[in-house]
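S.K.: Going line by line, the protein sequences match chains A and B.
Under our numbering, the first residue of the first sequence is numbered 591, with each subsequent residue one higher.
Under our numbering, the first residue of the second sequence is numbered -10, with each subsequent residue one higher.
Keep in mind that the hints were calculated from the coordinates and are not lab data.
We put the beta carbon where it would ideally sit given N, CA and C, even for glycine.
Hints are not guaranteed to be accurate.
Part of the chain A face toward chain B, derived, beta carbon under 7 Å [said to hold, decoys possible]:
(1) Glu661
(2) Ala702
(3) Ala706
(4) Phe807
(5) Pro855
(6) Gly857
(7) Leu859
(8) Lys1002
(9) Asp1005
(10) Ser1012
(11) Thr1013
(12) Ala1016
(13) Glu1018
(14) Ser1020
Here is what each chain is made of, one letter per residue.
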Amino acid sequence: MKLNRLLVAGVLVLALLATLGGVSAQEQVTINWVTISGFYTDWAEQVATQFEAETGIDINILDVDIGQLYETQVLESVADTGAYDLLTYDAGQKAEFAESGYLLQLDEYIAAADPAVIAFEDIAPALREVTSMWRGGVYGLPYYTFTMGYFYRCDLFENADEMAAFEAAYGYPLGIPRDYNQMADIAEFFRRTPGQTLGGQEVTSDFYGIGVMAGRFDQVQDEINSIAWSQGAQVINDDGTPGVDDPEFLAAVDLYVNQLLPFAPPGALSSSFDQIVAQMQQGLIAQTAAFFLDQYANMARTETMIEGARICTAPAPGVHSWVGAFGVGVSSDSRHPQEAFDFLAWLAGPEAQRQFAIGGGTTCRESILTDTELISQNPTTMGHYPTLVAVLNHTAEANFYPNYLFVPQGGKIYDEMTTWYSTAAAGEMSIEEAMANMATAIERQCGGVCEIANEALGEDYTPVPMAFDYDAFIASGAFDIDVWIGLQGG
Amino acid sequence: MSSESLPLADSPPPVAALGAAPKRRVLSDTVYSVLLITPAMILILIFALIPLAYAINVSFRFADLTSPRGVAEFVGLENYHFALRDTFFWSSVLRTLNFAVFAVAIEMVLGVAIAFLLHDIKWLKGLARSLIILPLAASPFAVGLIWRYMYHPEFGVFNYLISRIGLPEQNWLGNSDLAMASVIAFDVWQWTPFVALIALAGLQSLPKEPFEAAQLDGASRWRVLRTLTFPMLRPVLTLVLVLRTIDAVRLYDAVVSLTGGGPGTTTEVVTFYLYRLGLRFFRLDQASAMSLLFLYATVVFTGLVLRRFMREMGERTRAKN
Chain A
591 MKLNRLLVAG
601 VLVLALLATL
611 GGVSAQEQVT
621 INWVTISGFY
631 TDWAEQVATQ
641 FEAETGIDIN
651 ILDVDIGQLY
661 ETQVLESVAD
671 TGAYDLLTYD
681 AGQKAEFAES
691 GYLLQLDEYI
701 AAADPAVIAF
711 EDIAPALREV
721 TSMWRGGVYG
731 LPYYTFTMGY
741 FYRCDLFENA
751 DEMAAFEAAY
761 GYPLGIPRDY
771 NQMADIAEFF
781 RRTPGQTLGG
791 QEVTSDFYGI
801 GVMAGRFDQV
811 QDEINSIAWS
821 QGAQVINDDG
831 TPGVDDPEFL
841 AAVDLYVNQL
851 LPFAPPGALS
861 SSFDQIVAQM
871 QQGLIAQTAA
881 FFLDQYANMA
891 RTETMIEGAR
901 ICTAPAPGVH
911 SWVGAFGVGV
921 SSDSRHPQEA
931 FDFLAWLAGP
941 EAQRQFAIGG
951 GTTCRESILT
961 DTELISQNPT
971 TMGHYPTLVA
981 VLNHTAEANF
991 YPNYLFVPQG
1001 GKIYDEMTTW
1011 YSTAAAGEMS
1021 IEEAMANMAT
1031 AIERQCGGVC
1041 EIANEALGED
1051 YTPVPMAFDY
1061 DAFIASGAFD
1071 IDVWIGLQGG
Chain B
-10 MSSESLPLAD
0 SPPPVAALGA
10 APKRRVLSDT
20 VYSVLLITPA
30 MILILIFALI
40 PLAYAINVSF
50 RFADLTSPRG
60 VAEFVGLENY
70 HFALRDTFFW
80 SSVLRTLNFA
90 VFAVAIEMVL
100 GVAIAFLLHD
110 IKWLKGLARS
120 LIILPLAASP
130 FAVGLIWRYM
140 YHPEFGVFNY
150 LISRIGLPEQ
160 NWLGNSDLAM
170 ASVIAFDVWQ
180 WTPFVALIAL
190 AGLQSLPKEP
200 FEAAQLDGAS
210 RWRVLRTLTF
220 PMLRPVLTLV
230 LVLRTIDAVR
240 LYDAVVSLTG
250 GGPGTTTEVV
260 TFYLYRLGLR
270 FFRLDQASAM
280 SLLFLYATVV
290 FTGLVLRRFM
300 REMGERTRAK
310 N
C-alpha cells in the first residue's frame, strides 16, 4: 500500500514537472533572423544580446553569404516552411518580396508600437521609400544603407600644378565632377605612366584615373545604372518596356565602357567593391565612379597608408545613383510575428542604430546622420555622413526613384543586369548586342511588359533627374569632414 | 603454435558422413548480400532517385516557383524544346566541354608524370605524398577566393612573379581570352594530385616479373613504358579519366569564387547557368529539362567508356584464371 502511494505520488510529481516544462517551453520564443554574414551580423549579435536580456526572447541569427541570401529566403518562403521569422532584402528585391507575399505588411504593428521605439519618421524619407514602402504600405525597415556617392583624392584635386594642367587641357577647373563627361575627363587626365609626375612627384608605377567595378558581380550594374539614371535613362521605361536598348541608355553604357574603363587598372574587369578600396589604399587611383559611401572608413584609411593623401566624398555626378539599403521585414510565415516585429523595431530603432553608427555602420536614421556632435567625435567612421545626407535629401526632394525599383521581378532583373553589363564591359559582345539581350531578358522575366507599381509616389511623379546644387554642397564643406567640422564651429 | 598441431583442413570429410546433422545457415548468400547493400540503396533512393524522378516530372510541367502558379500543369515537351533552342544553354555546354577536355587532359598528363616521379624517389616519399594531398583537402570555394587575389592584376602574386622574369603582366580573370585558362589552371592545381595518387597506387601494384624480364631482354625505357607500363596501367587510368571527367563537367565552386561566370559569360559553365536559371530565376521546369539532357549525355559517355573498361577487366580476370 505504502509502495503504491509512493508510486502514485511520484507519477504526479513527474506529471507536474512535465507540465511545467511544457509551459516553459511554450513560453520560450525564438526568433530566427536570416541575414548577411559580415560586419553587420557581428553588430547585430551584440544588439540581439541586449534585446534578449530585456525581453527574454531568443534571437537566432543565421548569417548567409550575400550571394546565396536571395534564393535561400525565396525557397523557404515559397515552401512556407516558417524557417525564418525575419527576412533581409536588398532595396532592389523589396518589390518582389512584398508582392509575392513573403513579407508581412507592418502598418498595424507600427501603429500599435511605441512611437519613441520605432520612430518611423526618423528614417531618411528616400530610404523609407526604396526599402520600406510598397503599394502604399510598409513592409520592412532599413537598417544599413549602402547609398552610392563619389570618392576622390582631394590632395591631388587641390594640387596647384594639377589644377593648372587640367584647366589648360580641358578648359574648365578641376573639381568634383558634375556629370559623367567631367568624370571621364578627370579619369583621362590622371592616368600616369612611370616617369611622369603626379602632384609634383615622379611616379614609379602606373597610376590610374579611376577605379571601376566591371567584374561580373552585382556592382557593375550599380555603376552603369547610376550613369544612366543621372542622364535620364531607365532600365525600364515608364510604359513598362525595357529601356536598356534605348539610345540614351546605350550612350550611358558606352561612356562607361569607352570613356571610364580604359583609364582604370586592368583588374577592373574582375573587380568588385573590395578591390576598389584596395586600389585606393595602395595609391593606384585618383577617384572612383559611383561608389558605396558606407565604405568611407576603409577608404579613409588611405590617409594613413599614403603620405599626404586625403580622401574626400561627394555625390556621384548627377546625384541620382543607387540610393538603397538593406531592409528587414517580418516573414509572412513567422509563427511569432509580434515578437519578430518587436526585435525589428529594436534593431532599426534609434538606440541600436546609434550603437551601430558608433561601431562604424552607416545608419538610415536622420537624427544620427545629422548629429553634428557625434560626427565630430567620429570623423574617421562618420566622415561621409554630410555627403550621404546631401544625396538622401536631394533624392527625396526630387522624388526621383527609378522605375526598376517598383517592378515585382526586380530581384531577377538585378541578376540579369550583372550578366549583360559585364558582357558589354568585357567586350565579349558589342554594347548594342549585350543590351538587346538584356532587353529580351527583362521581357522574359516580366512575361512581356513590366508592371511598374509606383502609384504611391503620387500622380505627378515622373522619373526625371533634378539638378543638384554643387556650389551649395561645396560651400557646406560636406566633401571634406575636417572642413565640415570647422564650419560647424567644432 | 606449430603447423603440426593444427587440424588438417585440406579435404574435410562431408559433414553428413560424420553422422552430424547439417548446420543450417541463418542467411543465404543472396539475402546477406541484399542486406549489405540495402542501406546504400536506401540512401541512393532518397538522395538520387527520388529527386531524379521529381526532376523528370517537373521537366514536363510549367514550374516557376515565384509565380502564383508554382508547379502547375503538364506542358509536354515544351521545356525540352526551350532547352534545345536556348543558345545560352548550348554556349555554356560548349564552354563546359572546352574546360573539361583541357583541364582533364592536363591533369592526366601531369598526374601520371608526378606519379612516376613519386614512384622512383627513394626518400621522403611519404612526406611528398602527404604534401600533394593538401590541395585536395581544401574547399574549392575557399581556395578559389584566395586564388582570386593571387590572380589579381595589381596585387596578385602571379603577376609579381612573371614581372620578375621580365614577362608582361596579365589580367588573368578579367581578360576574356585568359579567364577560362585561369580557371583551368586552378582546377589543375587542385585535382592533379588526385590523378597522381591513383596512378601511383596503380604503379605500385604492378607485378615486378614482366619488368625484370624486359630488363634482362635489354628493352629500352620507352619500350617498357609503351608495351608494359601503360597497357597495364590502362584500367586505372581509364577509371581516373572517367571520374575526373564527370567531376569536371560539374564544375561550379571554382567559377563562383574566381570569376562569377565572367568576364561577361566567358566562364559561365553549364552548372552555373543552370544554377541561375533554377535558383536565381526559379524556372525549375526549364532548368530540369536542361539538367536531364546534360545528365543523359554524361551517362552515355560514361557508359561507353566504362563498358570498354569492364570488358577489359573481365578479359584480364579470365586470362589470370
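S.K.: Checking each numbered hint in turn, tell me which of them this model violates, lowest number first.
M.R.: 2, 3 and 14
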